[in-house]
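These protein sequence lines map, in sequence, to chains A and B.
Going by my numbering, the first residue of the first sequence is number 1, and it counts up by one from there.
Going by my numbering, the first residue of the second sequence is number 1001, and it counts up by one from there.
Since the hints were derived computationally from the structure, they do not count as laboratory data.
Note that beta-carbon positions come from the ideal geometry of N, C-alpha and C, so glycine has one too.
Mixed in with the good hints there might be a few duds.
[What the hints assert, rightly or not] Pair by pair, the computed Cβ-Cβ distance ranges are: (1) A:S191 / B:I1173: 51 to 59 angstroms; (2) B:A1138 / A:P112: 33 to 41 angstroms; (3) A:G154 / B:D1199: 37 to 45 angstroms; (4) B:A1134 / A:P42: 44 to 52 angstroms; (5) B:Q1072 / A:G200: 28 to 36 angstroms; (6) A:P56 / B:S1141: 40 to 48 angstroms; (7) B:D1199 / A:D111: 22 to 30 angstroms; (8) A:V41 / B:G1168: 37 to 45 angstroms.
Spelled out from the first residue to the last, the chains are:
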Amino acid sequence: MSYLLDAGHWSWSDPTSIGRLLIDHLILTGLSMMIAMAIAVPLGLIAARYRRLYLPVITAAGIIYTLPSLAFMAALIPFTGLSSATVVIPLVLYAQVVLIRNIVAAIDAVDPGLVDIGRAMGMDGRQIQRYVILPLALPVIVAGLRVATVTTIGIATIAPLFGVRNLGYLIFQGFNTSYKEQVMAGVIAVSALAIIADVGLLLAQRAVQRGRQTSVVARG
Amino acid sequence: MTSITFEHVTKRFPGANAPAIADVSFDVPSGAICMLLGTSGSGKTTLLRMVNRLGDPTSGQVLIDGIPTVEQDAISLRRRVGYVIQQVGLLPHLTVAENVRIVPAIIGDRSPASHQRVDALLEQVGLPPDEYRARYPAQLSGGQAQRVGLARALAADPSLLLMDEPFGALDAITRHRMQDELLNIQRTMQKTLLFVTHDVDEAFKLGDHIAVLSEGRLEQVGSPVELLAAPATPFVSRLVGADNILRQFEYLPVTTALEPGIAPDALAERIPASETLLPAVLRMMRSGQSTLAVEADGEIRGVVTLAGISRSVRARGGDISESGHL
Chain A
1 MSYLLDAGHW
11 SWSDPTSIGR
21 LLIDHLILTG
31 LSMMIAMAIA
41 VPLGLIAARY
51 RRLYLPVITA
61 AGIIYTLPSL
71 AFMAALIPFT
81 GLSSATVVIP
91 LVLYAQVVLI
101 RNIVAAIDAV
111 DPGLVDIGRA
121 MGMDGRQIQR
131 YVILPLALPV
141 IVAGLRVATV
151 TTIGIATIAP
161 LFGVRNLGYL
171 IFQGFNTSYK
181 EQVMAGVIAV
191 SALAIIADVG
201 LLLAQRAVQR
211 GRQTSVVARG
Chain B
1001 MTSITFEHVT
1011 KRFPGANAPA
1021 IADVSFDVPS
1031 GAICMLLGTS
1041 GSGKTTLLRM
1051 VNRLGDPTSG
1061 QVLIDGIPTV
1071 EQDAISLRRR
1081 VGYVIQQVGL
1091 LPHLTVAENV
1101 RIVPAIIGDR
1111 SPASHQRVDA
1121 LLEQVGLPPD
1131 EYRARYPAQL
1141 SGGQAQRVGL
1151 ARALAADPSL
1161 LLMDEPFGAL
1171 DAITRHRMQD
1181 ELLNIQRTMQ
1191 KTLLFVTHDV
1201 DEAFKLGDHI
1211 AVLSEGRLEQ
1221 VGSPVELLAA
1231 PATPFVSRLV
1241 GADNILRQFE
1251 YLPVTTALEP
1261 GIAPDALAER
1271 IPASETLLPA
1281 VLRMMRSGQS
1291 TLAVEADGEI
1301 RGVVTLAGIS
1311 RSVRARGGDI
1321 SESGHL
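Generate the whole structure from the sequences, applying the supplied hints.
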């Protein structure tokens, strides 16, 4: 704990301080999740509408998910070198299987009777998406985002091996110098970040779930 | 004010052998409550959904105020027609007030007036706005939820209201109360109502017109009295219970048992020709007289007698033996 509590390890000017590494970790994870959602949402919407596409899409995403992260990132080095891209590309692809599965499940779970009454009230296609499908699907989509985000925070810890600094740096650096306190500091910081993200997204899920006492949570 | 005309309407669904609706033609006059009565699978919901273009006829046409529905934009047509279903279909993530306001919201009306109107509508359907405005659908009973459903259907002040077994999922007491309140509301709003039901009592209680459907065909359309007094087919006779004495007493006018002549004691007991058999029989029981004079516009038109009523009811298939069901 002494490493974590030492004010010198929180100095803003030091790029390897806990605060800076935490920010780096957040940015790397946040960026990966944003790109992942930008891909998964349209793919999920398309797969939900054209069911024939669902199986190939989810199978491909599932196969990618089985690739070991270390090997995947190493295999990208000839193309993207030691850069953020080497880390972000696998993170984005790993998240797809959970995100797409939840988006499709969320849309499937929307009561067709509510869509029908929306049409009967005179909603056009866009309004049905906006007033009916999206708000009803959102809690399940956020549940998927939550699972994927926590996983991504964990996998991102190996990024320092590919020249991208984040909280994993503390762990690797601590190993190399047999500095146990530093390893522990890294482990605790990453775990804390994962837990905070989990709770934060759980609260977000609750917020978009207002009015519904029982929650439907699909897990990836 | 809005009238509906069905002209040789036929609807076939792909893959089905028999048409869901076969050559149905009838008129619903403006301001009427028209009940679509039939067993499940009779096509009554299919027929209802063709009015606001949730389905279009395979052949024939539906006209609203003389204009074929297929010539009207489906979206703007639906916005002018209220729609209430048995499952209510409130959006669970929106409060009661938001659920009602969604109708003006989809036409882009976010004015303060639309907010005030929500309160007025909740008031109209018997939900005190202060108590219910902020509730979520999950916090409502079935009857309260359907009141919100009705308020939502009225939100755009449509002149035509489509109701698909709206009270079908409610308990008997709540159902009867809602029926009474609908009649009350209708008295002040004078909208045209097209109301699907499989409940004969509901059809008789609410309808000024009843269209009886069976297997997609229109068996008969008429007033409750017409259906009871002159069922067009054996199916209608069975469905409306033409042999049901209580219903006959309740709906048939005394004139159906009218006999010529003036009773000796006619001046003592008179009954207006507009009354039904039930008050006539009750009057006889109270007064101990078996003959009543029937009057209209201050003139005696004839008499009804207990024996005459009994003959008339028997002639319509009513079983008045003790084993006969009421």
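Hints, verified against the model:
{"no.": "1", "hint": "A:S191 / B:I1173: 51 to 59 angstroms", "in the structure": "holds (58 angstroms)"}
{"no.": "2", "hint": "B:A1138 / A:P112: 33 to 41 angstroms", "in the structure": "violated (19 angstroms)"}
{"no.": "3", "hint": "A:G154 / B:D1199: 37 to 45 angstroms", "in the structure": "violated (59 angstroms)"}
{"no.": "4", "hint": "B:A1134 / A:P42: 44 to 52 angstroms", "in the structure": "violated (36 angstroms)"}
{"no.": "5", "hint": "B:Q1072 / A:G200: 28 to 36 angstroms", "in the structure": "violated (49 angstroms)"}
{"no.": "6", "hint": "A:P56 / B:S1141: 40 to 48 angstroms", "in the structure": "holds (47 angstroms)"}
{"no.": "7", "hint": "B:D1199 / A:D111: 22 to 30 angstroms", "in the structure": "holds (25 angstroms)"}
{"no.": "8", "hint": "A:V41 / B:G1168: 37 to 45 angstroms", "in the structure": "holds (39 angstroms)"}
When each numbered hint is compared with the structure, violations occur for hints 2, 3, 4 and 5.
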